[in-house]
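**Student:** Using the sequences provided together with the hints, build the complete structure.
Protein chains in written order, with my numbering: chain A, 1264 to 1594; chain B, 345 to 514; chain C, 62 to 565.
Think of the hints as simulated: they come from the structure by calculation, not from any bench.
This one's a predicted model, so the numbers in the text were calculated from it and none came from an experiment.
A hint or two may mislead.
[What the hints assert, rightly or not] Facing chain C, from chain A, some residues (calculated, C-beta under 8 Å):
1. K1319
2. L1342
3. G1422
4. T1443
5. K1448
6. H1461
7. E1473
8. A1474
9. R1477
10. G1478
[Stated by the list, open to error] If the Cβ cut is set under 8 Å, some of the chain B residues that face chain A in the computed set are:
11. L500
12. P502
13. G506
14. F514
[Unchecked claim] Label pairs and their calculated CB-CB ranges:
15. B:G366 to C:A550: 43 to 53 Å
16. B:L409 to C:V411: 51 to 61 Å
17. C:K198 to A:K1490: 32 to 42 Å
18. B:I485 to C:A347: 44 to 54 Å
19. C:A550 to B:E424: 21 to 31 Å
20. C:G257 to B:L376: 13 to 23 Å
21. A:L1581 to C:V411: 48 to 58 Å
22. A:E1518 to C:L76: 46 to 56 Å
Backbone N, C-alpha and C fix where the C-beta goes; we use that ideal spot for every residue, glycine too.
Residue-level listing of the chains:
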Amino acid sequence: MKLTKIAVAIGAAAALFAAPAAQAWEPTKPVEFVVPAGTGGGADQMARFLQGVIAKHKLMAQPLVVVNKSGGAGAEGFLEVKGSANNPHKIIITLSNLYTTPLATGVPFNWRDLTPVSMLALDEFVLWVNADSPYKTAKDYLAAIKAAPDNKFKMAGTGSKQEDHIITVMLQKAAGKKITYIPFKGGGDVAVQLVGKHVDSTVNNPIEAEAHWRGGKLRPLCVMDPKPLPYTAKVTDKLSWADIPTCKSAGIDAEYVMLRGIFMPPGAAPDQVAYYVDLFKKVRELPEWKEFMAKGAFNQSFMTGKEYTDWVAKNEALHVGLMKDAGFIAK
Amino acid sequence: MSTESEAPGPGAALRRRGPEAGVALLLLVIGLIVIIDSLRVGIEWADDGPRAGYFPFFIGCLLSLSSGWTLLRALLSWREETAIFSEYSQLRDVAAMAIPLTIFVAAVPWLGLYVPGALLIGYFMRRHGTGGWLATLAVAICTPIVFFLIFERWFLVPLAKGPLEAWLGF
Amino acid sequence: MDEINSLMHGFSVALTLPNVGFMLVGLLLGVLIGVLPGLGGANGVAILLPLTFSMNPTSAIIMLSCIYWGALFGGAITSILFNIPGEPWSVATTFDGFPLAQQGRAAEALTAAFTSSFVGALFAVLAITFLAPLLAKFALEFGPPEFFAVQMLTFCSFIGMSKEPPMKTLAAMMFGFALAAVGMDTVTGQLRMTFGFTEMLKGFDFLIAVIGLFGIGEILTTMEEGLAFKGKSAKINFRVVLNTWKELLQYWRTFIRSVLIGCWMGITPGGATPASFMSYGMARRAAKDKESFGRGNIEGVVAPETAAHAAGTSALLPMLTLGIPGSPTAAVLLGGLLIWGLQPGPLLFVEQKDFVWGLIASMYLGNIVGLIVVLTTVPWWAAILRIPFPVIAPVIIFICAIGAYTVHSSIFDVVMMLVFGVFGYLFKKLRYPLAPLVLALVLGDMAESSFRQSMLLSQGGLGIFVSNWLVGSLMALSIFLLLLPMWGALKAMFRRREARAYLS
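**Tutor:** Put into structure tokens, the structure is as follows:
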């Protein structure tokens, strides 16, 4: 233990004296992987999965350490990374709270404060109801909401003024009726509330509700992606992810995907960014990663560099519009 | 555990009324802050349940009322109150811990956890202990190193680090 | 007896030599994690998780769950010896465990704590073995109003406990609630009482308050009473263990009650921490000599430890059957299941028999081995009290600071620890009770969210709290518990009046 410590110290000292541009950058100490959400959520699961496969396949010489900083809907984590300028040993995984938290709370933070690294995947959203409910299709469900008085239907979701809440507002618009939105702390809790019939529907990510679907407790009605999901392997006896129709085809004008991407603190050098881009490219080639993607029915888009930055900017503009419409922006 | 007694002890002692009133005043102020902020976020009961400030408002009210009552009582019986808080010699002992502890905490943002920890242990063992320099140094230096190995190496939990650790390359 | 067969099969899976080895490694690491405040079961499991990817899933989960048992056992050690809860669920153990240690009965307290933990876990595993499908169904009954009713019940079981002045008890409790409200409001997403300080965004963590109030506060108080911990290191041998066991037998009622509370809170999932508080409160209410609680009553160690361990163990049931983690550690384990390609959920019991029953068998074995491990280390732990105070005190402060820091990796929390420490000292001297403060801090946030979620469900109608038998009976029970001490006080008042009338 001691020896490695000294070795690392000597290595670091050597790195200081070596010409910086001559060699590709590599981490010289453990890398902190900040998760701006609590343990057990979608982002946390992905981060811990990455930590695990990177360690298993020895893709990094230094360990990757997951740190949860969920305070203030993730603001704690973002501010921490924003405040660690020029520290290449810190990366953060994001979800939609990258935009929604600063908009809804007025916390002084914007994604432009960070250095974008790469998109890992996009998380899908599916409209779920209890398997015992009479609604077989999204059309049935929408018609039922339309026919009922305001606030008759209850939607559970994760957090307030975040992605689930935004989608609920979209549904509300499509139905022309108010839907009661009930915020919970985590996606797992939300799915169980629906299994227990305490609410009428949820918009859980596929990975959060997959087990209940397979167990015959929940029924997917439609997916918020413009295209049906590409995964054709059977999940239940009859159905696969690919069999779920899009919400658009059911007459619900709701499209939404959530970014699962990586950012670095401000002021990261291009070779440092390149190191992480390369790392995640390697991860994407692993069979475990492919299996993980299929299990959670993720949209496997991968972007880096300018393409990624442009996508995030466009996505942010979309959120500003949606949140403005919903009245979620802090005054 | 409370060393409350009816009459002042043999040594000079701090009377209880001062700290009593001080703590009550502090809690009263906290209560008022809670009330003010609750008013900002809204204290009413809307159609679909209470607003964000509804419960904190009542909490703030109760906190202010109860500590206000304690404060009032302490002030009203200011002259008669003879119960003691602590003897000055005891308070000196408490300060002997509280002051280095405060310096320790104040040093953490600049030096990280390990170096101030070693200094605190070393100081305390020299000042109050009976062991020699060698034992003191051994404990003061080994404890942070052991914790470094447990947290940073074994469990991969990064702790606050300062210039010394940065110089060593961590 | 399908379960028995499956269980026997599970034992044959778990009892291979490498698996027993992993079990021991897991337990020892777990105890270490439990002892150090700030290192939770979640850290230990998270860090070993990557190592387990190359193992087969059954061995991996055996080792990881043993870390969890070890942490549950270990949490009690520092609570009893130094008044510093190593884990949130051992806060209630300090109430009587620490006074016992001060009276030189640390070994008894430790034995009682470990044995109770074992009993709690054992019965919880039995419940998982034979009642899993039934219990999973029961867990689904719990929506927001039911959660609120449970939190209310926990709270009411504690009301009327304080021996301190009522106004100060009220102030302490409200102070706890106020601290719990700081940060983001889950229901509306508004920030409360942060005043633009980014450090305040995450609110006040329960663990930091407890490390400060109890740990640092205790060290400051100890300074005042001379530079030594009062706990004389009692002689420890196997006889102490046997004698304590004999004494424990008379508390069978407490054991049963605590196991029931623990299992129930673990499954729903209310959590181990509220379970330990509720169990302590109930034990005190049921006891004949209520006054001895808080001054070193063995029963006051038995009740919270049994319930915490029963809850901690049964929390794995909703994780396996529903995919909801009952605790942060369970959340990390859940991530592990996913990486091994096992999908937790209703079908796990059907699709992965080897895995599930291997895990359940390891719960039995892990707890038995764990009990033996911790009992044999009791003398070693109690010997820590022999280290001179000038050495141990700064080391404890150092450990507390690390503990406070690791909760959110925030230096601000170390400062808060000091502030809470000063509060702890002043509160103790001025007779403000700490228990209501801590309880309010644990429950405040949860109870407010559940209440407001219920109000959203019912669109503002309070009728939702009596809308079905479950929530109705829970609410009735809490109101009964709330009124009981008042009834007692009224009766005493009447009796006094009668006596006075008689005399005149």
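**Student:** Next, verify each hint and record whether it holds.
**Tutor:** Okay, the hints, checked on the actual structure:
no.: 1; hint: K1319; in the structure: holds (4 Å)
no.: 2; hint: L1342; in the structure: holds (5 Å)
no.: 3; hint: G1422; in the structure: holds (7 Å)
no.: 4; hint: T1443; in the structure: holds (6 Å)
no.: 5; hint: K1448; in the structure: holds (6 Å)
no.: 6; hint: H1461; in the structure: holds (3 Å)
no.: 7; hint: E1473; in the structure: holds (7 Å)
no.: 8; hint: A1474; in the structure: holds (2 Å)
no.: 9; hint: R1477; in the structure: holds (6 Å)
no.: 10; hint: G1478; in the structure: holds (3 Å)
no.: 11; hint: L500; in the structure: holds (5 Å)
no.: 12; hint: P502; in the structure: holds (6 Å)
no.: 13; hint: G506; in the structure: violated (15 Å)
no.: 14; hint: F514; in the structure: holds (6 Å)
no.: 15; hint: B:G366 to C:A550: 43 to 53 Å; in the structure: violated (31 Å)
no.: 16; hint: B:L409 to C:V411: 51 to 61 Å; in the structure: holds (58 Å)
no.: 17; hint: C:K198 to A:K1490: 32 to 42 Å; in the structure: holds (38 Å)
no.: 18; hint: B:I485 to C:A347: 44 to 54 Å; in the structure: holds (51 Å)
no.: 19; hint: C:A550 to B:E424: 21 to 31 Å; in the structure: holds (28 Å)
no.: 20; hint: C:G257 to B:L376: 13 to 23 Å; in the structure: holds (18 Å)
no.: 21; hint: A:L1581 to C:V411: 48 to 58 Å; in the structure: violated (42 Å)
no.: 22; hint: A:E1518 to C:L76: 46 to 56 Å; in the structure: holds (54 Å)
Comparing the model with each earlier hint shows violations of hints 13, 15, 21; every other hint is respected.
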